[in-house]
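Undergrad: Just so you know, the sequences run in chain order A and B. Just so it is clear: in the first sequence, position 121 is 121 by the UniProt record's numbering, and no numbers are missing. Just so it is clear: in the second sequence, position 157 is 157 by the UniProt record's numbering, and no numbers are missing.
Source of the hints: derived by calculation from the structure; they are not laboratory data. Please read these numbers as outputs of a predicted model, since none were measured by experiment. The C-beta atom is built at its ideal place from N, Cα and C for all residues, glycine as well. One thing to keep in mind: the hints can contain errors.
[Said to hold, decoys possible] If you anchor each label on the Cβ, the simulated ranges turn out as follows: (1) A/Asp205 / B/Leu136: 17 to 23 Å; (2) A/Asp164 / B/Val200: 32 to 38 Å; (3) A/Glu4 / B/Ser40: 54 to 60 Å; (4) A/Leu185 / B/Glu348: 32 to 38 Å; (5) B/Glu348 / A/Gly115: 38 to 44 Å; (6) B/Pro255 / A/Val178: 38 to 44 Å; (7) B/Leu202 / A/Val178: 53 to 59 Å; (8) A/Asp205 / B/Gly56: 36 to 42 Å; (9) B/Cys164 / A/Val178: 48 to 54 Å; (10) B/Val200 / A/Leu185: 47 to 53 Å; (11) B/Gly56 / A/Gly145: 25 to 31 Å; (12) A/Leu185 / B/Gly205: 19 to 25 Å; (13) B/Lys135 / A/Lys218: 52 to 58 Å.
[Stated by the list, open to error] Now the stretches of chain A that chain B is said to cover, found in silico as 3 or more residues with beta-carbon under 8 Å: (14) 35 to 42; (15) 61 to 75; (16) 90 to 97; (17) 110 to 122.
[Claimed, not checked] In silico DSS-like links for lysine-lysine, alpha-carbon gap of 25 Å or less: (18) B/Lys237 / A/Lys199; (19) B/Lys443 / A/Lys18; (20) B/Lys351 / B/Lys237.
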Amino acid sequence: MSDELKVPTMADYMAEGKQPEVLFWVGSAGSFDDRAKKITKAFVKILNKANVDFAVLGTEESCTGDVAKRAGNEFLFQMQALMNIEVLNAYEVKKIVTCDPHSFNCLKNEYPSLGGNYEVVHHTQFIQDLIASGRLEVEGELYKGKRITFHDPCYLGRANNEYDAPRTVLESTKANIVEMKRHKLNALCCGAGGAQMFKEPEKGDMDINVLRTEDALKTKPNIIATGCPYCNTMMTDGIKAKEKEKDVAVLDIAELIANNENL
Amino acid sequence: MQYLPNMIFAIILIIAIGFFVKNVKKLIRNIKLGLDVDVSDNKSQRLRNMTMIAFGQSKMVRRPIAGFLHAIVYVGFIVINIEVIEIIIDGLFGTHRVFAFLGTFYDVLIGSFEVFALLVLVAVIVFWIRRNIIKLKRFWKNEMTSWPKNDANYILYFEMVLMCLFLIMNAVDQTIQIMPGTPENHYVEAGSYPISQFLVPLFQGFNFESAVIVERAAWWLHIVGILIFLNYLYYSKHLHILLAFPNTYFGSLKPKGQVNNLEAVTKEVKMMMDPSVDPFAAAPEGAEEEVPAKFGASDVQDLSWVQLLSAYTCTECGRCTSSCPANLTGKKLSPRKVMMDTRDRLEEVGKNIDANNGVFKDDGKQLLGDYISHEELWACTTCNACVEECPISINPLSIILEMRRYLVMEQSAAPSELNNMMSNIENNGAPWPYNQMDRLNWKNE
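Chain A on its own, in the form it takes in the complex (with noise of 0.2 Å):
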């Protein structure tokens, strides 16, 4: 097992005068969710073992704002913008990964017209970067052979066309990857985009987790791998809904990575 996480803020950096080749934006989500929490967790792993030079804002950072776009308060996504793109600009941050790929698409596309201009990356891209130019080597047998699905978060996929990058990585771990009938451009929903996250959902015959999680069990999985902490949520709730969670388990890909890897 790995020594104490190395997680350093953009205050320590400017403190010595240097510059984090990569700000970790870890969202609300990632900082305070329980769950999303251990994803924040195993993603820090992965960037200590690759020896990447980054830093995350901590108590400098604040909400996005996507969330309160989505449900309508442009007013609060702005001041939230606009507060979020002083600090950064401060720190002169020219490049952003996070695990969330709500706040990827609202930091890549909702913020350069409001000045906020950062080349963006999932964490998804992120781990494939590190992979493909040897900074990172995968090379444990953990996952070898057990059939994974991956669910495709809509602001990944559909929103800003990425499929192949959190395969690409999951294939590194040697897994038999089962793709669900619906899947890439035809996934559907984990049901918590859209603020749907923080209301009951409105009436109706099911859930759509539920609905979700039935498409993934179709493909008898061992474990379903997801890439939002959103959706690792709903999945969850629905294996538990569904009475499978002895069966099947709800793993971000860095979780897997980390797994995978002992760190």
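Position chain B relative to chain A; hints supplied.
TA: Here is chain B on its own, set in the frame of chain A:
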């Protein structure tokens, strides 16, 4: 008297085209009720999108069966319309098969029209079966009330009848062409008839006069039918055959996840955050009194003209609704209904303007509430499945978000859980009630 048919034809043609132009003008006026939006950028990319998506049908084939059948009807429609040019010239000048002089090329043309006519007929019959016998789910959702269902079937009947008339016309024509002793042969021997030759036996017993009557009847019904169909477009979902082109051209070029930032809000937020701004300062001399902006949309006039164009373009195929996670789990939301409602309300506003000398008179109704309910809007997960599915670049999500903006920023009418979430963000920078100072605690847990 010799020119009577030509004159009647010319009059019918002028009336039909005049009426169509009148409706197109109304259509353009209604679309222009929307807010202005700059879509003058990236002309080459836009042209490419239109060529690929509308002309090339690239997104139709994502559902292979419907895509294939649609391609047949689409190509058939374009090809057979070349024949309409000949029909119009013949009608106006009293000629018959004026392009017959093209010889072999003419044979090839008529031959391929016939093949397509048959293929279209078969495709349209399959479409009818899918709708009415197999009852594909997406054609039977709640918003498919009597008119949308009838409209779809009327279009199919129209096409069946037109294709049959075309083939009958050709069948009788070739019978007449080879009749021995046909006096003053107006019916030149021309064309090849790979399909309608099989219908010839039906007319074998006919003498010249009765054959001509049948041929003329089929000819007139065919062209009048086409002109009626042309004028039916405006009242029908079938308008997509024209509007799919501009709609794919003006469709968004941004990543689907990107939602526009409201400039009016930026101005206000920047003022709020700027300590040097004096909120009580008088407006500078000569500055125009600023009209307080309305945030979001409660009615069609608050949407952009591209969104209104999309509403008229929607052909109610329901691919969006059949992939919507909210709709699939029994919620009220249907992206197709959002588009249909927007169009129906826009038509209502247009009629209101017509009835009141060109000015809209408040009718106490609006798109939000009277057509689209809050429940529908709050069921959306913004997953973009509907946007991805639409074969002609319609974006129902953008309308849903504009209406949410109105609900939240103008009416503070968000569900209470969302209000809690938003006040958390306002107070402590996270959607949950945790202190911003605890944001890095995970490191040591």
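Undergrad: Determine for every hint whether it applies to the structure shown.
TA: Now for the hints, and whether the structure bears them out:
1. Look at aspartate 205 of chain A against leucine 136 of chain B: about 19 Å separates their beta carbons, and that is inside 17 to 23 Å.
2. In this structure, aspartate 164 of chain A and valine 200 of chain B break the distance hint of 32 to 38 Å, their C-beta atoms being roughly 59 Å apart.
3. In this structure the hint that glutamate 4 of chain A and serine 40 of chain B lie 54 to 60 Å apart at CB holds, the actual value being about 56 Å.
4. Separation of leucine 185 of chain A from glutamate 348 of chain B is about 36 Å and conforms to the stated range, judged on CB atoms against 32 to 38 Å.
5. The hinted range of 38 to 44 Å is satisfied by glutamate 348 of chain B and glycine 115 of chain A, whose Cβ atoms lie roughly 42 Å apart.
6. Hint check: proline 255 of chain B to valine 178 of chain A, Cβ distance near 28 Å, so the stated range 38 to 44 Å is violated.
7. The hint said 53 to 59 Å for the Cβ distance between leucine 202 of chain B and valine 178 of chain A, and at roughly 58 Å that hint holds.
8. The supplied range of 36 to 42 Å is met by aspartate 205 of chain A and glycine 56 of chain B, whose beta-carbon atoms lie about 38 Å from each other.
9. Remark: the range hint 48 to 54 Å for cysteine 164 of chain B to valine 178 of chain A is upheld by a beta-carbon distance near 50 Å.
10. One distance hint, 47 to 53 Å for the beta-carbon pair valine 200 of chain B and leucine 185 of chain A, holds here, with the actual separation near 50 Å.
11. Hint check: glycine 56 of chain B to glycine 145 of chain A, Cβ distance near 42 Å, so the stated range 25 to 31 Å is violated.
12. Separation of leucine 185 of chain A from glycine 205 of chain B is about 58 Å and departs from the stated range, judged on CB atoms against 19 to 25 Å.
13. For lysine 135 of chain B and lysine 218 of chain A, the hinted distance range of 52 to 58 Å is not satisfied, since their beta carbons lie about 25 Å from each other.
14. Beta-carbon proximity to chain B at under 8 Å applies to 3 residues in the segment 35 to 42 of chain A; the threshold of 3 is reached and the given coverage holds.
15. With 13 residues bearing a CB less than 8 Å from a CB of chain B, the segment 61 to 75 of chain A meets the requirement of three and the coverage assertion stands.
16. Residues of the segment 90 to 97 of chain A with a Cβ under 8 Å from some Cβ of chain B number 0, which does not satisfy the need for three, so the listed coverage is violated.
17. For the segment 110 to 122 of chain A, the stated coverage by chain B is satisfied: 3 residues place a CB nearer than 8 Å to a CB of that chain, which reaches the threshold of 3.
18. Of the supplied pair hints, the one linking lysine 237 of chain B and lysine 199 of chain A is violated, its CA atoms being roughly 36 Å apart against a limit of 25 Å.
19. Restraint check for lysine 443 of chain B and lysine 18 of chain A: satisfied, since their Cα atoms lie roughly 22 Å apart, inside the 25 Å limit.
20. Taking the CA atoms of lysine 351 of chain B and lysine 237 of chain B, the gap is near 18 Å; set against the 25 Å cutoff, the hint holds.
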